[in-house]
Amino acid sequence: MDATTPKFKRKHSNGEKLVAAYWVLGYPSVKESMSIFRTLNEAGADIIEIGYPYSDPVADGETIQDAIQKALTEGVHLDQLWKVSSTIANYSDPFVMTYGNIPFQFGLEAFVEKAKQSGIAGAIFPDLLPEVYPNVLKGIPPAFLISPNTSLERAEFIAQQSQSFIYLITRLGTTGGRNFQDKRLEKLIHSIKSKRNDIPLMVGFGISSQSQAIQAFEQGADGIIVGSELIKKYQTGGKSQVLEFVSELKEVAAQFSGNS
Amino acid sequence: MDATTPKFKRKHSNGEKLVAAYWVLGYPSVKESMSIFRTLNEAGADIIEIGYPYSDPVADGETIQDAIQKALTEGVHLDQLWKVSSTIANYSDPFVMTYGNIPFQFGLEAFVEKAKQSGIAGAIFPDLLPEVYPNVLKGIPPAFLISPNTSLERAEFIAQQSQSFIYLITRLGTTGGRNFQDKRLEKLIHSIKSKRNDIPLMVGFGISSQSQAIQAFEQGADGIIVGSELIKKYQTGGKSQVLEFVSELKEVAAQFSGNS
Amino acid sequence: METIKTLKNVPDQHGFFGKFGGQYAPEILKPALDELVEAYSRLRQNQEFHDELYRLNSTYSGRPTPIYFANRLTGHAGGAQIYLKREDLLHGGAHKINNAIGQALIAKYLGKNRLIAETGAGQHGTATAMVGALFGMETVIYMGTKDIERQLPNVKRMKLMGADVVPVNKGSKTLKDAVNEAMRDWVTNVETSHYLIGSVVGPHPFPMIVRDFQSVIGEEIKLEFPEKYGKLPDIVVACVGGGSNAAGTFYPLVDENVDLYGAEAGGIGESAGNNSASLSLGSSGIIHGAYTYMIQNREGHIIPTHSVSAGLDYPGVGPEHAFWKECGRVKYLPVSDEEALETFKLVSKLEGIIPALESAHAISLALKLAKEKSKDTRIVVTLSGRGDKDLDSVLGM
Amino acid sequence: METIKTLKNVPDQHGFFGKFGGQYAPEILKPALDELVEAYSRLRQNQEFHDELYRLNSTYSGRPTPIYFANRLTGHAGGAQIYLKREDLLHGGAHKINNAIGQALIAKYLGKNRLIAETGAGQHGTATAMVGALFGMETVIYMGTKDIERQLPNVKRMKLMGADVVPVNKGSKTLKDAVNEAMRDWVTNVETSHYLIGSVVGPHPFPMIVRDFQSVIGEEIKLEFPEKYGKLPDIVVACVGGGSNAAGTFYPLVDENVDLYGAEAGGIGESAGNNSASLSLGSSGIIHGAYTYMIQNREGHIIPTHSVSAGLDYPGVGPEHAFWKECGRVKYLPVSDEEALETFKLVSKLEGIIPALESAHAISLALKLAKEKSKDTRIVVTLSGRGDKDLDSVLGM
Ligand SMILES: Cc1ncc(COP(=O)(O)O)c(C=O)c1O
Ligand SMILES: Cc1ncc(COP(=O)(O)O)c(C=O)c1O
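Protein chains in written order, with the numbering used here: chain A, 1 to 260; chain B, 1 to 260; chain C, 1 to 397; chain D, 1 to 397.
This is chain A alone, in the form it adopts within the complex (with noise of 0.2 Å):
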């Protein structure tokens, strides 16, 4: 590790348990989330997910979809993608989440190359497999998924390819959904750790709870991601409630710490 290690790294280094939070840029305004970028942060959330709308999010679940819509009619573009990146690097580690038209679109290289000056840590595209995953882009160290159907031997490749963090899935569907796959999951859990540690193991696709959290770090997950539920938790009760939700998430996670 080096003075350019990512600080979540060097917290999972630390056996330190992780907690991501997503949030779509744009949405409900370039302002306010800008300002809950900073709120995630404040809540103690070790990476934070920035969602850039994609006209056709077919991996996202309703929620998402809706707040991507949202954005999309905010006029978000590519500007503010760095711009925020930009600030959150100053405190957190940010990741971009969108999906694979948007750098091919951008030009892949111009695309590594701006997202590394503003700061970004990572990538998640969810429709890129790695297997069509264009090397280039690797210069922003991608987050791969595993989804709880994905075959053990697959599962490993599928850790050796990702450079940032392993991303796992809890359950088939888009994102928001709630029900875990317990066993099938524990058993996949253990068995890429066996095989790849280096990295932290996040866990997502249906956190809504801190029971689900404890489970999952119970299963031997390295950190958690939610995002559907923070959306809704906005909804129902504006910043103040995402704010919460995270903290109790992130003792959750302290809870844990040190044991891996």
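Take the hints with a grain of salt, since some may be wrong.
[Said to hold, decoys possible] Computed list of lysine-lysine pairs in BS3-like fashion (alpha-carbon distance at most 25 Å, straight line):
hint : chain 1 : residue 1 : chain 2 : residue 2
1    : A       : K233      : A       : K70
2    : D       : K19       : A       : K138
3    : C       : K156      : D       : K146
4    : D       : K146      : A       : K70
5    : D       : K159      : C       : K345
Don't read these hints as lab results, they were simulated from the structure.
Following the hints, complete the assembly by docking chains B, C and D with the ligands onto the known chain A.
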């Protein structure tokens, strides 16, 4: 000729030109139609065609169709036909004009029997060609139709089959139209009359003015038949118009009488 | 050796099938009917005519049509095997095109370039509009206003193809009145126009001509079925409106050892006015130029009929069916509106084939027969048309 | 002897046609895609599978379809001879059934008994509903609310056959959004469900599988045309929405000496949003799982497209078409709404064949080409479907 020879045949033998008047039994009501039949006689009609309503009068034009429709809703039935023909027989020669299915359903022999008893002097069934005309129906002497497109050969055959008069249609189409087809008609008339002159050759389907009547007689017809136009006259001017029109036609006929 | 008894050499030269048929028509039509008799007997021998008919049948209409084994329907019935003769796949969606092409070709040979037709379900009107466009002939279609309402998509199709659709607002405002109007048009324009009648009805030679053009259905069954299954089917079923798809299905099989069944529109009850089952519930009389079975009152007036299916809602039936009924060759049975509707939905759900409501009558009867037969019995039903035209009337607008 | 150059051995094992295609899809789908690749390569060798496919293609769908010489259309163009490959005669009214039957058979072999599909014009949804009924599978169809409105008869058909039609009220409320929803459903129910995609789009192996099942169109042309006319046609034209009827038409001919033309939806103008002409007016990018041509804005967002025809109103296109375009094998040209509408009416009036609005685009392009060619040139146009579904949108309600 004997005592049973109908009046119109005697007149024909005496060189008188004839006028046949058609009216729908039951139009506009049974009672009024009975009164109209009397009017037709008063006006001098030599033959009174009782149009007996049939549900699907394919050979009839709009005017008569509508009158038939009205008569059917008035609830006309065969008993009225027998009654009205018996009355007419006292002063004129009643014909029945209706479609084949009426006698078919009544029973052919019974129909002839009943018609004879009721004084019916002849019958016209526009959908019964001589080829399919049931022999038994000949008990009420048939008038068969010849149309402008009938071949000369066939016209002679039809003339031979006719037993009351020969009914020459002046135009293609249903009853009530207006265009004479002069040349062809004249030729047909002469050809038929040269073969058969013992029964009158009556011209119909489209007589709506004195001048047409004149034309028909000039071309050699022994009589004319008027139907739709009477209904139209009634609809615009009531019974008096009917009376007037038939009287006028009779005057025309009188002018040509004795010339054959 | 037994004497060969055939039911095929009808009608006689006067157009009679036994005592049925004939020419009960106004004299004005006689020359046209004679001309048609003459032309048809000439064209029957004309190889060029047959070649053109064959070419259009195959490339335009889509013949031959397949015979489909209805696996799930058979399972549902739990008895005999049910096969569907797929006339629904023809261009336009019904068997009507078989006849329309043939008659339009006759019109062409007669030098007539105006077609008149009546239509009920709109299928025959559509078929006529199609051939009118194909041959570049002026086309006039008479259609009752009640039928225009319940078969709107077909009205749109006809107009799009350039046909003039004339609403008939008389009588019961359905098929019978459209026939009357078409006949009146023909009577008026007989020299330039061909009356392209849509079923095996009307005066001679229409019942014969239409039967012959539709016989391609039965001929194909007779050819294909033994090829695939070793022998002819045991039972063949078709629905009977005017009776053209049934006549075309049955005629090639009348001398064969096959049980033949016609399904008529039983409507909502047996009393006159509640159904259109001329053969099973009517009596004999003259209708539209022929002596046959029909629905009439005691005095002989045609009674407005009822059927949920516009194409069966007709008070007459082809005289050859009357003949087959009287000599016991074909059994005719009524199928109610309710049964037909149920079958319409059943076949859609079980086979992914939406049958015309008309055809649903035939399938319904076939299902009843199948239930009482063993699994090695084979029933072919003529699926005379597709049900797209009936969606609105079945499902509501 | 020249080296044999073939365009037939695509895609490669990763699903790439040159640089196009691939699997740009969520990981959740990867196992299902792998399973499909594997199952399909197995079934391809399975005689029983081919026999069942053949049997259903012929008896259920109505294959082979004829090739019709459009005499009056040819006369109208005044140049090359125009022939129509009659996919409109297939069960359901479009080529979509070719693919639906094939994929449903795969689903059956995979032991999946739930089908998911998206639909635009409703033709693919109808085809899926049909095979869902045929095989007794649960069927869920996603359809944009805008498309539901403009293709109502197809919605009724799907429901009647027991399919669950789920309205998609997102984005442009058309086909692209229906695809998104169908993919989301598949992502959620991937273990029990097969995603029966309706065109040569989506991640590998869909573009290959759909092309293969649709290739029966081109194979029949390749077989029938020389049999009848002595040699292959000079020019072949098909419309391109997702590109399945075109891919199925072209693929068997790509190595032959035949000029190939794809007609895209030129809509009401060349600027983005006014058309759906991905190949002729779009640019390359990722859409619905594949790298291909598409309609997008500068940042990469898919732009709502426009076409008068629902079946062409889609911002992407099959990757193999992108490949054919780039290597110059096929020419893709836009045809405007207005031209398509005019052709729709023209073909109805001249031939008595109402083409689908989609197919009218292809015929319109063929007419343009025909005008510039000599009378001995032969053009075959794939008439991908019938236009009954378009009556309301063309004529107004
Ligand atoms: C699909 C279909 N089947 C049957 C019929 C009944 O006619 P026919 O008895 O002449 O076959 C019609 C009439 O329109 C029809 O459209
Ligand atoms: C009749 C018809 N043709 C063409 C298309 C376009 O699809 P594709 O390009 O996949 O053939 C559709 C789509 O619904 C269609 O219904």
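Against the structure, the hints:
1. Distance hint between K233/A and K70/A is fulfilled; the C-alpha atoms sit about 17 Å from each other, no more than 25 Å.
2. Among the hinted pairs, K19/D with K138/A is consistent with the structure: their alpha-carbon atoms are about 20 Å apart, no more than 25 Å.
3. Distance restraint check for K156/C and K146/D: the Cα-Cα separation of roughly 22 Å lies within the 25 Å cut-off, and the hinted pair is therefore satisfied.
4. Proximity of K146/D to K70/A is assessed by CA-CA distance (about 20 Å); at most 25 Å being required, the pair is judged to hold.
5. Restraint check for K159/D and K345/C: the C-alpha separation of about 10 Å stays at or below 25 Å, so the hint holds.
Violated hints for the displayed structure: none, as all numbered hints are satisfied.
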